[in-house]
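J.: Listed here are the chains, written in short residue letters.
There are 2 protein chains.
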Amino acid sequence: MKPSNRSGMMPLDLSRSSISKRSITIGLLGLGTVGSEVYNALIHNAKSLSEKTGFIYEIKKILVKNPEKSRAVNPKRSLLFTKIDEILEDPEIELIVEVMGGLDPAGAIIEKALCHGKSVVTANKGVMATHGERLLKLAEEHKADLFFEASVAGAIPILRPLQESMATDRILEVCGIVNGTTNFILTKMTQEGSSYETALKEAQRLGYAEPDPTFDVTGMDAAYKIAILAALAFGHFAKGDHVSREGITEITPTDLQHAKEMGYRVKLLAKATCDSEGLLLSVAPTWIPSHHPLYNVEGPYNAILVKGERLGDVMFYGQGAGGVPTSTAVVSDIVHASKNIVLGISGQSNQRMETDIKLKSPESFKTRYFFRLSVDDKPGTLAALAKNFADEDVSFAAVLQKENTVNVTDILFLTHDVREGAFRKALANAKKLPFVKSICSVFKVEP
Amino acid sequence: MKPSNRSGMMPLDLSRSSISKRSITIGLLGLGTVGSEVYNALIHNAKSLSEKTGFIYEIKKILVKNPEKSRAVNPKRSLLFTKIDEILEDPEIELIVEVMGGLDPAGAIIEKALCHGKSVVTANKGVMATHGERLLKLAEEHKADLFFEASVAGAIPILRPLQESMATDRILEVCGIVNGTTNFILTKMTQEGSSYETALKEAQRLGYAEPDPTFDVTGMDAAYKIAILAALAFGHFAKGDHVSREGITEITPTDLQHAKEMGYRVKLLAKATCDSEGLLLSVAPTWIPSHHPLYNVEGPYNAILVKGERLGDVMFYGQGAGGVPTSTAVVSDIVHASKNIVLGISGQSNQRMETDIKLKSPESFKTRYFFRLSVDDKPGTLAALAKNFADEDVSFAAVLQKENTVNVTDILFLTHDVREGAFRKALANAKKLPFVKSICSVFKVEP
Chain D
1 MKPSNRSGMM PLDLSRSSIS KRSITIGLLG LGTVGSEVYN ALIHNAKSLS EKTGFIYEIK
61 KILVKNPEKS RAVNPKRSLL FTKIDEILED PEIELIVEVM GGLDPAGAII EKALCHGKSV
121 VTANKGVMAT HGERLLKLAE EHKADLFFEA SVAGAIPILR PLQESMATDR ILEVCGIVNG
181 TTNFILTKMT QEGSSYETAL KEAQRLGYAE PDPTFDVTGM DAAYKIAILA ALAFGHFAKG
241 DHVSREGITE ITPTDLQHAK EMGYRVKLLA KATCDSEGLL LSVAPTWIPS HHPLYNVEGP
301 YNAILVKGER LGDVMFYGQG AGGVPTSTAV VSDIVHASKN IVLGISGQSN QRMETDIKLK
361 SPESFKTRYF FRLSVDDKPG TLAALAKNFA DEDVSFAAVL QKENTVNVTD ILFLTHDVRE
421 GAFRKALANA KKLPFVKSIC SVFKVEP
Chain B
1 MKPSNRSGMM PLDLSRSSIS KRSITIGLLG LGTVGSEVYN ALIHNAKSLS EKTGFIYEIK
61 KILVKNPEKS RAVNPKRSLL FTKIDEILED PEIELIVEVM GGLDPAGAII EKALCHGKSV
121 VTANKGVMAT HGERLLKLAE EHKADLFFEA SVAGAIPILR PLQESMATDR ILEVCGIVNG
181 TTNFILTKMT QEGSSYETAL KEAQRLGYAE PDPTFDVTGM DAAYKIAILA ALAFGHFAKG
241 DHVSREGITE ITPTDLQHAK EMGYRVKLLA KATCDSEGLL LSVAPTWIPS HHPLYNVEGP
301 YNAILVKGER LGDVMFYGQG AGGVPTSTAV VSDIVHASKN IVLGISGQSN QRMETDIKLK
361 SPESFKTRYF FRLSVDDKPG TLAALAKNFA DEDVSFAAVL QKENTVNVTD ILFLTHDVRE
421 GAFRKALANA KKLPFVKSIC SVFKVEP
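Note that the protein sequences, when read in sequence, are chains D and B.
Note that the first sequence ends on residue 447 in the working numbering; no numbers are left out.
Note that the second sequence ends on residue 447 in the working numbering; no numbers are left out.
Everything labelled a hint here was simulated from the structure, so no lab data went into it.
One or more of the hints may lead you astray.
With a Cα cut of at most 30 angstroms, we get these calculated DSS-like pairs of lysine-lysine [said to hold, decoys possible]:
id, chain 1, residue 1, chain 2, residue 2
1, D, LYS52, B, LYS358
2, B, LYS431, D, LYS143
3, B, LYS307, B, LYS378
4, B, LYS360, B, LYS378
5, D, LYS360, B, LYS432
6, B, LYS444, B, LYS201
7, D, LYS360, B, LYS201
8, B, LYS76, D, LYS52
9, B, LYS47, D, LYS137
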């Protein structure tokens, strides 16, 4: 008795030789930077890929906005379609590869593809961090795979290891540098003492930042990614919008210099922790100490640190973005989904989501802080400040008052662990003190 | 029409609810450090593991040498067996977990288990780096899985990502720090200026080195591991014995100090490269520059750097050894193999091996070198040395002569890229020069 595969197109023989002959019919949605590289990998390297993976990959239809546009790759005109239904309703197409990007209409298209029982591979972090929970449920109902390795940290295989290899451990924390644009800017500012604006321009010139960098520099991109990582680590799909978030636009070279002097580097850290009280998600510029595995992650590189109860610290490091690395992650998901289609087991490896996990308020988050105040240089200032913070149980690990020049001086504080709520309250009180001119900067500090 | 699973024990329904009820019957071979932790994970954490993975894991029989011995865990006496055939010939046992260690009889037992059609999970790097190719063929013939994630870098999920997620790229190089004992010793020597002997004693006291450290400090353990990594990266299973190998026993604090002064750290680097001429495997103490991702891997930590043509540099970092991390990797393989058993697809995810790859001779290996010579402090010495090396096309990136005290001086050389064969010949010639007292040290240098 032999099992039949899901689409019923051919009998399934589990011997390797027969799998080798099986071809997988794909609908490719989008032919931009990533789409072109996926096309290249599947078509131009078809022989090598087929030898390595045992399948023949056939791209039957490609969705584009404008078939006449000149592109990096040139598929036959007859492959190009502008109406999505011509692809989704084609019964021969077994696998949809969504690399068009954007929330709309990509989200609705993925939903429709899954309802047609087609497996989906996507690189779309926005869609996953907004509709992920619902789409994974749909995939399960319709016995289809929904894979999204390429949506987080392009070159780094992190989602599948998190989901499979580390699933038997209890994950305590996932944190990382998941946005290459901001890490490039912060690295430049630290190394060259340049301003945010200058470093941003350099990043734009080199293609590491978009002409409109808002999505990256406000931490939104990192928020989407940490929501996806947390979903796989903790089984609860929060929305990107629910992540507590600070960007990097207010950071000055002075801040980075202070961090450097005290043995730290500033990174935009995305972090997810989960305990009995619930799940906490944040993105914030954070001081990373020199012994920390993430300290040396520089320039456009990404790294993700997973803390497991039994495994301890495990870190994954590599290029976070770019058409080529991202397309490689897409192709790896295509191979995985294809194998499941041929074996008739699609929909078996999607992440199970638990719904009884609560999102915690950032108020309860315990961490150390660095902050810098500009104050009048008068006797009693430091004593009054110390009392103000002690009143909220904020104690200091280090205090540094720099020599002043014009009757105004900067004082630098490094706190011990404190709850975010208490710290913010003490800071608000400090702001009201008559001798406090301004709160120049506030950073979280990793242990 | 529904497929039946391999053992024919129960009909297979692909819906998730029915998989959830399926129990997997295991034979556990060995109840030492790793075995006890595997037992703990499967028995004491049974409920949580079952909820997470959807299977019930039943350890039916355990192989031990002495059933009366007192152990960290205490299974029922009736579970303990001393004769392997009572386990391998039990038709109810579907999965063999080999954590007894050692080459014999573990290798023969794994072979017999596969021939019985039972899937095998092993942590045994010695067996895999010696009999891996043959055992994987056997597994394929008998439609059984042979998984060995725990054999390399305990806590780090590296084998499965290499085999699955990165398989669609062309891997150019795999290198890493894969032995925690030697990395701990070298870190101690660098940080504290202590001798090899002192650092080794400290490692033994803390449990990072065995009472007999030979296997680790001679680079044999790292050789086994790089052979396994190369098998998955390049599809050719070399034997551990074929790896070009140097240990760390001759390294002095002076060597480490010189490296530090020039901005490097010394690591025992295991490396596999593959090009059209063939596969090259080496383990050697190597200078790592400060910008290199492996530079900051300190103490007992491990890290593996994979260079892909499309993916670029991807690094995996974590704890390399210890019963708890290693057992977590074993349990992850158990879950994976169990899923395949229930789905009736065992033997489908084993690595395919190619046999037409040749092993290259280290002679052809191109790298930079650092070396230190002790010479008579006389006019013309440096000129004669420079000529000696230039005769074999060895040119220098840096030369440093330290001020002498007793008519004998040390000269430090850093070469440009050179073939190992030419370098070794020039070094042998230098040794014959009358003013050369001794070759104090030789290290490879990473770019």
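J.: If a hint holds in the structure, say so; if it doesn't, say that too.
T.: The hints, checked one at a time:
The straight-line distance between the Cα atoms of D:LYS52 and B:LYS358 is roughly 19 angstroms, inside the 30 angstroms bound, and the hint therefore holds. The hinted pair formed by B:LYS431 and D:LYS143 fails the criterion: a straight-line CA distance of about 70 angstroms is larger than 30 angstroms. Distance restraint check for B:LYS307 and B:LYS378: the Cα-Cα separation of roughly 46 angstroms exceeds the 30 angstroms cut-off, and the hinted pair is therefore not satisfied. Proximity of B:LYS360 to B:LYS378 is assessed by CA-CA distance (about 41 angstroms); at most 30 angstroms being required, the pair is judged violated.
Restraint check: the Cα-Cα separation between D:LYS360 and B:LYS432 comes to about 73 angstroms, which exceeds 30 angstroms; the hinted pair is violated. Our distance criterion of 30 angstroms between C-alpha atoms is met by B:LYS444 and B:LYS201, whose separation comes to about 26 angstroms. Taking the CA atoms of D:LYS360 and B:LYS201, the gap is about 47 angstroms. The hint is violated against a cut of 30 angstroms. The suggested pairing of B:LYS76 with D:LYS52 is violated, with an alpha-carbon distance near 46 angstroms, which exceeds 30 angstroms.
Distance restraint check for B:LYS47 and D:LYS137: the Cα-Cα separation of roughly 24 angstroms lies within the 30 angstroms cut-off, and the hinted pair is therefore satisfied.
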